[in-house]
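Chemist: Here is what each chain is made of, one letter per residue.
Protein chains: 2
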Amino acid sequence: MNEKIKRYFLPEEEIPRFWYNIQAEMPNKPEPILDPKTKKRLTPKDLYPLFARELCEQEFNQTDAWIKIPEPIREMYKYYRSTPLVRAFGLEKALGTPAHIYFKNESVSPMGSHKLNSAIPQAYYCKEEGVTNVTTETGAGQWGASLAYAAKLFGLEAAVYQVRISYEQKPYRKSIMQTFGAQVTPSPSMSTRAGKNILTAHPNHPGSLGTAISEAVELAMTTPNCKYTLGSVLNHVSLHQTVIGLEAEKQMKMAGEYPDIVIACFGGGSNFCGISFPFMRHNIKDNRKTRFIAAEPASCPKLTRGKFRYDFGDEAGYTPLLPMYTLGHNFTPANTHAGGLRYHGAGVIVSQLMKDGLMEAVDIEQTESFDAGTLFARAEGIIPAPESCHAIAATIREALKCKENGEEKVILFNLSGHGLIDMASYDKYFSGDMINYAVSDEEIDRNIANLDKQ
Amino acid sequence: MNEKIKRYFLPEEEIPRFWYNIQAEMPNKPEPILDPKTKKRLTPKDLYPLFARELCEQEFNQTDAWIKIPEPIREMYKYYRSTPLVRAFGLEKALGTPAHIYFKNESVSPMGSHKLNSAIPQAYYCKEEGVTNVTTETGAGQWGASLAYAAKLFGLEAAVYQVRISYEQKPYRKSIMQTFGAQVTPSPSMSTRAGKNILTAHPNHPGSLGTAISEAVELAMTTPNCKYTLGSVLNHVSLHQTVIGLEAEKQMKMAGEYPDIVIACFGGGSNFCGISFPFMRHNIKDNRKTRFIAAEPASCPKLTRGKFRYDFGDEAGYTPLLPMYTLGHNFTPANTHAGGLRYHGAGVIVSQLMKDGLMEAVDIEQTESFDAGTLFARAEGIIPAPESCHAIAATIREALKCKENGEEKVILFNLSGHGLIDMASYDKYFSGDMINYAVSDEEIDRNIANLDKQ
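Chains as they are written, first to last, in my numbering: chain A, 52 to 505; chain B, 52 to 505.
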């Protein structure tokens, strides 16, 4: 018997019992988060009105490398974890590469993406402190669907602001949220001051994650017993997502390999951080030399072409000031199909790691991403989400370099979600009508200059 | 540590190496399949023009209880098998039942349903004998998507006739088929004689599986080097699907239980046979007393209210005559959302087993099925396909009986697919506009009388 093993699962007792908090082990800690008015360094307490308290503590925790996962959360993780680590024999063959390509298949979660990994703990901690309502924003709807599901599990009411362009492009995700009892509003909406301000100035505004965040934050701040939740960007979200990389580490060991390169698509950072940080730990502590590549859309290139600045996390300027790579919080990304990547900034931790040269970034044109996604679908049978297509495109670039140089590198990428709800985007791609959106240097410079003036 | 285990997986080496052929062990063999003109018993050779030869041999094999799965097929199964066996703690809690409910989650296949289990072998055997083109029909699109995928894997061209009402209700499935390079035509179409005959008489005909089969068969018979494939009803399809039950048997052993009741939804029989036959074997040989329940839609109740007759498998009468429970091949099922169950007849093996009292059937109204599916989604986090909702409804009926009687029965059902592509159906349900379709006795009697006249 000499069978090639394709998928690696962990037994339930090996599902992580701790999240990995890279903040405690980074060579340089992130710069502080500031109050926009006083410019003073914020503390967890300052965020209590907005988020569940435990999440605020996690956000600022720079001392504990391992944070215990409460058992009720682990019980919920068992509904879909461990997710499989898959050897992509089909893709390797299609490319004719000597590289060994693996992917962590987060698309098998019931909501179709990795987002549930943080939705469950966020809903749990809200419930624990007696909150009754949660609110959030969502782009493509992966996060909103996951929060709606987690809220239902813990008996919370959920209100979701969905970026309007995605609300229209992906009507099924709205229906999924409604199946779990959530109330869904396209953003910008007339239901908030932030939304009204934008709509009265730009009635056809397609929306952006930055704007939807403003609306959700405003709702949370004006509604009793309601907390805001966020699906990416923040430190505590990245923390929860480390279950991906922690599982992958054990599964790669089962496969007898260790990744030379780890790749994930990049919107605010949640799935990238999730798969990368547990491996990056060994670069920091054990002198490993793994490369970490964030694959962002060319239409929203904050890591490759943005600037490191203090900026708001949302469009209206309701959030604290975050030290991050940004295109400016007023940047409106083009209407690409990767709704989950249409965000102007990178999380605080990632921004510091990027500055310190611990990771890299590439940008991918929309059509290259769908070329890659279609090749992957035909080789591996899984239709990837438009967001994940960016990770696949970056993986293919590296695998083809290996082919050119005859290198047998081990590449691991995160398949953050499936694209079954995104078929309208594939239709557009197959029709030949899909276009690429280049951001001009002038536009970026103008946005950053605006920022520097404020 | 006293953790409740939720999901059971098999290691790859435990993925079945043989399919289980119940024909060899049935107490009464099925009645013969007949040539409609001569009324003579058909042999495998008679079907060679239509199907791959190996499939024809499997169709008629009444002697070998175990049929070896070729290694290339097993390699493809590894892309998604084993599928998890899941203990539905959430559903049990929601119902307050002492029953232990398990489900086999076939929805994790890359195409979202169990259909790939037979699409892969059918494409493989076609390729092996040098066929270049395959054709088929599909209802909701689960089978068509799976065949498109399998055809792509083995380098075949695929043409799919999709029942028009489903083509319109579920546009994403068409896009999925196209992603894998298949050509998709709504049925009835003007591209075949069978389609033309129907459309000229009934221009707004919504289509049915029976009609789509006629069109695909006609295409296969008139196209060089093209074979027909079928996603249900036939013996060889049920054979391939036994990987479901064979895995479940090992997984139930891991859980330390054995099912008192096995339940699956019923269209032509493929997922029902797949999960049932390996367990039914122990009723036949080892005196087990498991009950097997086929859950069919009230709008298409061939097992509960149809008659056992020789009938055609398709609307136009191109197929051989099959001994089966049927509503008559001219029966047009109402436009329910469970497109995969809109078929007038039951497979030959199931029909014999039903006649011999080895299994039971129940019929489920459309709204009851969505009540059940929504309850399940909220309890287990997985949105079930409208077809699978019927199995869940039947499971809930049994679990509530257990509650009434204080019985701790073990119920296993097959979650044949997820409903992420069927959200428009859920929208309809949530809107309150969904209606039930009762078939009158007169309509059934009239159809059967027509049959008896022919």
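Since the hints were derived computationally from the structure, they do not count as laboratory data. Just to be clear, a hint being listed does not mean it is correct.
Remember, identical chains collapse to one label, so a pair may be satisfied in a single copy or spanning two.
Under the rule of at most 30 Å between Cα atoms (straight-line distance), these lysine-lysine pairs were calculated in the BS3-like manner [what the hints assert, rightly or not]: (1) K144 to K178; (2) K460 to K129; (3) K304 to K55; (4) K460 to K203; (5) K504 to K203; (6) K479 to K203; (7) K203 to K452; (8) K504 to K340; (9) K454 to K504; (10) K129 to K55; (11) K358 to K452; (12) K203 to K88.
Chemist: If a hint holds in the structure, say so; if it does not, say that too.
Modeler: Hints, verified against the model:
no., hint, result
1, K144 to K178, "between (48 Å within a copy, 19 Å between copies)"
2, K460 to K129, "between (32 Å within a copy, 24 Å between copies)"
3, K304 to K55, "both (16 Å within a copy, 26 Å between copies)"
4, K460 to K203, "between (43 Å within a copy, 28 Å between copies)"
5, K504 to K203, "neither (44 Å within a copy, 56 Å between copies)"
6, K479 to K203, "between (34 Å within a copy, 21 Å between copies)"
7, K203 to K452, "between (46 Å within a copy, 27 Å between copies)"
8, K504 to K340, "neither (40 Å within a copy, 79 Å between copies)"
9, K454 to K504, "neither (48 Å within a copy, 68 Å between copies)"
10, K129 to K55, "both (27 Å within a copy, 10 Å between copies)"
11, K358 to K452, "within (29 Å within a copy, 64 Å between copies)"
12, K203 to K88, "neither (37 Å within a copy, 59 Å between copies)"
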